[in-house]
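Asker: Heads up: the protein sequence lines correspond to chains Z and R, in order.
Everything in the first sequence is counted per my numbering, starting at 1 for the first residue and increasing by one.
Everything in the second sequence is counted per my numbering, starting at 1001 for the first residue and increasing by one.
No wet-lab data here; the hints were simulated from the structure.
Since the structure is predicted, the reported quantities are computational estimates derived from the model, not experimental observations.
Idealized CB from N, CA, C, for every residue including glycine.
Don't take every hint at face value.
[As the list claims (entries may be wrong)] List time: in silico DSBU-like cross-link candidates among lysine-lysine, alpha-carbon distance up to 35 Å: (1) Lys10(Z) with Lys1034(R); (2) Lys1201(R) with Lys10(Z); (3) Lys318(Z) with Lys197(Z).
[Stated by the list, open to error] These stretches of chain R come out as covered by chain Z in the derived footprint (C-beta under 8 Å, 3 or more residues): (4) 1087-1096; (5) 1183-1194; (6) 1199-1210.
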Amino acid sequence: MVSDKQLRLKPLLQALYQTAQHTGLNTAALLRGTGLFEEVFSQPLCISPSQLVRLLNNFQRLQRTPDSAFLVGDRLATLLQQDVATPLLYSPTLKHWLRAAPLVLGDFYTLFYVRRYIHQHDQYLVVTSALGTFAGWPLLHQILLSAFSQLLKQWGHQRVSLRYEFCRPTPTNIADYQVMLGTRLYFARPLDAIVVKQTITHLRPQSPQLDGKHIDATMPPAAVRTPYLPLVSLCRLVHGRAARRVTLPVVLRQLALNHSDLNLAEAARCLALSPATLKRRLADFNTSFSAICADASREQAVFLLSYEGLTNEQSALKMAVSDLTNFRRAVKRWTGLTPSQLRQR
Amino acid sequence: MNLTGLNLHTGWLIGTSSLIAVAVNMAAYAGQAKTARAISWLDVCGEGSIVMLTLLWLVAILASRPAGHVTHLLSAGLNCFLFTALLDLLDEFFTYPHAPWISMMESLPGAVGMVIMSVALLGWHREQLALNRQLQGVEWFYRSHEKIDPITQLYRGDYWRARVHECQRQQWAAGVLLLDLNNFRQINHRYGQAEGDRFLKEIGRLIRMHLRPHDLACRYAGDRFAVLLPQMSEIDLVNLCSQLEASVQQVAFKTGQQTTAIFHSARTARALLTPEQPLDALLCSLNALLDGNAHQAAG
């Protein structure tokens, strides 16, 4: 699990810094209150989740142009492509690309919690923050989506037709979204999600990427002979380890999703912490145990009722809630809408 | 407020400071100070705020405008008004039993200042008409400086969408055109963001050269430009698209000290505007065409 000052995010920090300089942002103001110094942008230093949150909040507050987040994401994609993300070019199909991306992107991917749902012919990748609640989340979300879209475009040699759903209402700068992410954009949806049609997961890139230049830069000669590396070797190759790190809110969210009646004492016992320490550590992420549980339940309830269109009984059964009246009340509390209103959305 | 523009107006800044010094010295020399009990602090607040705001207006004008005929007239008028307002404030602190001429000095410059400012306003009106003519092709009936893209100095996509929507609402016949640069990321990647921005700026100028005075060119987003063309037939729209694509291909862009030219290409998508077709759907199909995924629009 990620504890203090363990995040290695040099590409993201560089992209933020270069965009700040390019758009005329005061870099001293950007670093104010973060406990970071300017060398963090050039040297491979580790930072803590709370330092990153403060930096993103500052960027969100100071940004001068509405497309700043997309510029950061675009730049990040270029930096990642030159560095850790090069192996993604060898993915033979979109399905492999989507499986390899979390492993290859390392600590940048640690900032998000992506849960996969499958409904009919669509795969929903529901994206939530792994850093708790903070003002700069829309910025980080846009950075992720634009970097994701650009990396995918570089792999496929053309824009891959995905659907992007957003909780936020239609923004005034929708043109930036269209140019960066494509035209399949849906706003004011119940969840932030990337939707991939199951039929296109076998999509192959338009032209081979084996131009030799990329291979020599980052991969051992053996890889040249193998167009696609097995995922685990690929992960070890890039990070020197097989497991991906996760943050405390993500661990709790996973626990909450698997155990509907989880309470604070049990969660603390699972993590070998005292309840007070768990509360304090969650306060560092500006969140609480009950907020994480409510958000996890909200996500599940919204998907079951709004996307799958299940009845209250079926949804309650899937969420392991025994009391139906309590389920209706709980859905209203989590989402602000009744189950029937959610089904109509 | 960005005060770097004040560097151009040191003469006026010295003049205004001198004027304030003259007024204060004059009142102190010719007048007798009132006792604290005789001072009406309500009047001091009211007249003091007029002096401060006039000073602020003067600084705002000098910081915002280049030197010139209209700026000089505006500054002169405001200085006269400031002199009157300052004397008006000072007579709350001083009485002038032996200098009745001070009262005349107090009222006359204010009136003269107002006349000068009225002449300045006429000049400003003419200047604005000239500037509006300069902005032909990049601005339509509505000014919103916060929507101007700092790189190309064209309006951004949201301004363009609002104007197209206005066109549809008024049921004006018009054509819309989107132009996207091919592989623009390569320029940023190879030559740096600053050169990429310069290229975008030049392409913005190139597009403007192809337009009529009443057309509207904007930077839609990223490397995509949008043009709104009122009273444009289908055939003219097709011709304009091919002319723009050919022109972009002919641009021999040079970066830094290099003499080797970089050639680039662009692709366009076009449509005729109809009042019944929703703008979002129209833009979706045009953007999808540019992305090379025509099926995107359907999904």
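Asker: Now, for every hint given, state plainly whether the structure supports it.
Answerer: Here's how the hints hold up against the structure:
1. Lys10(Z) with Lys1034(R): violated, 68 Å
2. Lys1201(R) with Lys10(Z): holds, 31 Å
3. Lys318(Z) with Lys197(Z): With Cα atoms ~24 Å apart, lysine 318(Z) and lysine 197(Z) stay inside 35 Å; holds.
4. 1087-1096: violated (count 0)
5. 1183-1194: holds (count 5)
6. 1199-1210: Not satisfied, violated; 0 residues make the cut.
Of the numbered hints given earlier, the model fails hints 1, 4 and 6; all others are met.
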